[in-house]
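Here are the chains, one letter per residue:
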Amino acid sequence: MLSYLIRRLLLMALTLFGVSIAIFLLLRIVPGNIADILFDSAGLIDPAEKAKIVADLGLDLPLYKQYTQWIGGLLQGDLGYSYVSEKPVLEEIAPRIPITAKIALLALIFSVIAGVPLGVISAVRQNTPLDYLLRVTSLSGLSMPSFWLGLLILMAFVHYLGTIPIYDREPATFMAGFTMLAVPAAAVGFRSSALIMRLTRSSMLEVLRQDFVRTARSKGLSEGAVTYNHALRNALLPVITTIGIEVAFLFGGLIVTETVFNIPGVARFLVEAIRWRDYPMVQNLVMFTATIVVVVNLIVDLIYMVIDPRIRYSE
Amino acid sequence: MSTTVSQDRPTKPSFFNEVFYLARRYPLGVAGAIIMTTFVLCALFANFVAPLDPFSTNARASLARPSETHLLGADMMGRDVLSRIIHGARISLAVAVGATIMGSGLGAALGLASGYLGGWFDLIIQRVSEVMQSLPLLVMALVITASLGPSLRNTIIAIAIPLVPTVARVIRSNVLSLREMPFVEAAKATGMSEFRIAVVHVLPNTLAPLIVLATAQLGSTILTEASLSFLGLGVPEPYPSWGRMLSESAAEYVRTAPWLVIFPGLAISLVVFGSNLMGDALRDALDPRQRD
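Protein sequence lines, in the order shown, are assigned to chains A and B.
If you read the first sequence in my numbering, its first letter stands for residue 1, the second for the next number, and so on.
If you read the second sequence in my numbering, its first letter stands for residue 316, the second for the next number, and so on.
These are computed hints drawn from the structure, not numbers from a lab.
Don't take every hint at face value.
To be verified - From the structure, some residues in chain B lie toward chain A, with a derived Cβ separation under 10 Å:
| id | residue |
| --- | --- |
| 1 | VAL454 |
| 2 | ALA456 |
| 3 | ILE526 |
| 4 | LEU548 |
Unchecked claim - Non-contacting residues of chain A with respect to chain B, defined by C-beta distances greater than 12 Å in every case (computed):
| id | residue |
| --- | --- |
| 5 | SER3 |
| 6 | THR259 |
| 7 | VAL282 |
Unchecked claim - Using C-beta positions, here's what the derived DEER-type ranges look like:
| id | chain 1 | residue 1 | chain 2 | residue 2 | range |
| --- | --- | --- | --- | --- | --- |
| 8 | A | MET175 | B | LEU438 | 48 to 56 Å |
| 9 | B | SER371 | A | MET175 | 47 to 55 Å |
| 10 | B | GLY547 | A | LEU63 | 25 to 33 Å |
| 11 | B | GLU567 | A | LEU63 | 52 to 60 Å |
| 12 | B | ASN373 | A | GLU49 | 39 to 47 Å |
| 13 | A | GLU49 | B | THR353 | 50 to 58 Å |
| 14 | A | THR291 | B | LEU585 | 44 to 52 Å |
| 15 | B | ALA600 | A | ARG310 | 45 to 53 Å |
| 16 | A | ILE29 | B | ALA424 | 51 to 59 Å |
| 17 | B | GLU567 | A | GLU170 | 21 to 29 Å |
Backbone N, C-alpha and C define an ideal beta-carbon position, used for all residues, glycine too.
Construct the complete structure from the given sequences, taking the supplied hints into account.
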């Protein structure tokens, strides 16, 4: 167990190292460096000023030095300065993280609460009209762009309430804050719930065919006990893996959803940073995202091991 | 006895019989195929299908409601929404097909090499795909477009690259089991070169999962293109892209011109829905192990 954990942590570090190199090079392979862009966009013409920008940003240094400077700072908690606001990157990112984290968590909770039971119902009632309805609904959930769903929700708000929910940094009541985040969470979580539903359904169907379910039925257990105590427990294993993968998708969905609902979260901030060509910000935000994904995957694997005693990571 | 054998052989079903059989067995797949065919035809013959020129602006028709002249209304610049959606199918199709072929092709080649060769090559490919899979698809696509700059070609590249590791992994695991099959051993015994075995014998056997995977990815490539364009980092003007039609201050039109929000989104959802239906049916038909 311990050796497995150590091995995983080392692999994780290796992966993140790879991400850091990839993102660093990706932002620098294009001809025309950041100084040119800043120079042009600021409408400057004096070459001396350009040289000053280049020197200020450390862009005259060789690539490996720029990289070690960034990564050295990163390891010490110094993320550098934003090119745009000239504030420390950490100061810009930190207040945005809880907003995105809350929406993501709500979306995950929503998708599990909706997806798992509906998947079970769909499997138990296989090939009934209800099953078809649920399957078509979940497939359309996977087909709708989440930003469009968000826009439709906004449209419904306009139609029924006459207003659009606007993000408020300090909501008056807990409930007000909750609804403010729950609406975008539902918009972004619909896709995940559809996916979880489909997976729960197929996984349940698989498990319900197995011998131990027949044994449970034949010893006279009620259908509910068979479905929930025996079958669902086993059917949930692949679902948990998907939830882990879904966290990465969720971040992508949050980028567009935060844009639609105009929420100052960290996901939308990535797009803004890309648009402004604020490379220190982009680099650090990408590293942040990759870290979350890698850590969540590790946690999922550990949970898996705890739930399913058949799985032993001995190597 | 030997003379009757040929007569006992079942006759090959006619083409129509086969289509009819498949249609009865996978009705949802057929629905998906119909949606996709309509979409492809719209894209190919956009010039003939679209009632109006998607680029011609008309100040008097600015934000016109749906009417007889503009069936689905007109946008801020008075351009016909229906015609723009029909022409937008071209962009969606070009990006979806381009990115899927590029991503699946590259992924299949790497997966085949990785699974068949093994060793250090496999190790490197595995680590690189782990790195790539630690980034959400949209984030990677965004960063690649940011690096290459927005254009139709770069959008295709940006969407194709994140597909590569997924395809490579599936093909690799397939190849790993195929490699141990007796037919590979037989081919080796005849003195065939490793390269030829990999391409002629192993690769064709991975086609079914490859087709299933590629169809499943069509929908997600369309969604990714729409998201990129929605964020203003996808296919640039003057191409009418569904995603960008929604980005052009959509939040404002939610109040004033809902048809500008509803119809492009409906187009995206319908096409992705169609490709998902088709993907499910293909998976059931070609890859029974993945059936649900």
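- Item | Reported absence of THR259/A from the contact zone with chain B (all CB gaps over 12 Å) | violated, 7 Å
- Query: In this structure, is the beta-carbon distance linking THR291/A and LEU585/B contained in 44 to 52 Å?
  - Reply: Violated, at about 37 Å.
- With 45 to 53 Å as the target window, see if ALA600/B and ARG310/A comply at their CB atoms. violated, 32 Å
- Message: Hint validation: VAL454/B versus chain A, beta carbon distance must be below 10 Å. Holds or violated?
- Response: holds, 6 Å
- Item | Restraint outcome when ALA456/B is required to lie within 10 Å of chain A by C-beta distance | Since chain A brings a Cβ to about 9 Å from ALA456/B, closer than 10 Å, the hint holds.
- Satisfaction of the hinted span 25 to 33 Å by the C-beta atoms belonging to GLY547/B and LEU63/A: holds, 30 Å
- Task: Note whether the CB distance of GLU567/B and LEU63/A lies within 52 to 60 Å or breaks it.
- Result: Taking Cβ atoms as reference, GLU567/B and LEU63/A lie about 43 Å apart, which means the hint is violated.
- Message: Taking 21 to 29 Å as the stated bounds, is the beta-carbon spacing between GLU567/B and GLU170/A within them?
- Response: holds, 26 Å
- Item | Range agreement (Cβ of ALA424/B with Cβ of ILE29/A, hint 51 to 59 Å) | At roughly 22 Å between Cβ atoms, ALA424/B and ILE29/A fall outside 51 to 59 Å, so the hint is violated.
- Is 48 to 56 Å right for how far apart the beta carbons of MET175/A and LEU438/B are? For LEU438/B against MET175/A, whose Cβ atoms are near 53 Å apart, the range 48 to 56 Å holds.
- Hey, does VAL282/A actually stay past 12 Å from chain B on C-beta? Answer for VAL282/A: violated, closest chain B Cβ roughly 7 Å.
- 12 Å cut-off, C-beta based - SER3/A kept clear of every residue in chain B: Consistent with the label, SER3/A stays out of reach of chain B, its closest Cβ about 20 Å off (over 12 Å).
Figure legend: structure checked against the earlier numbered hints; hints not met, in rising order: 3, 6, 7, 11, 14, 15 and 16.
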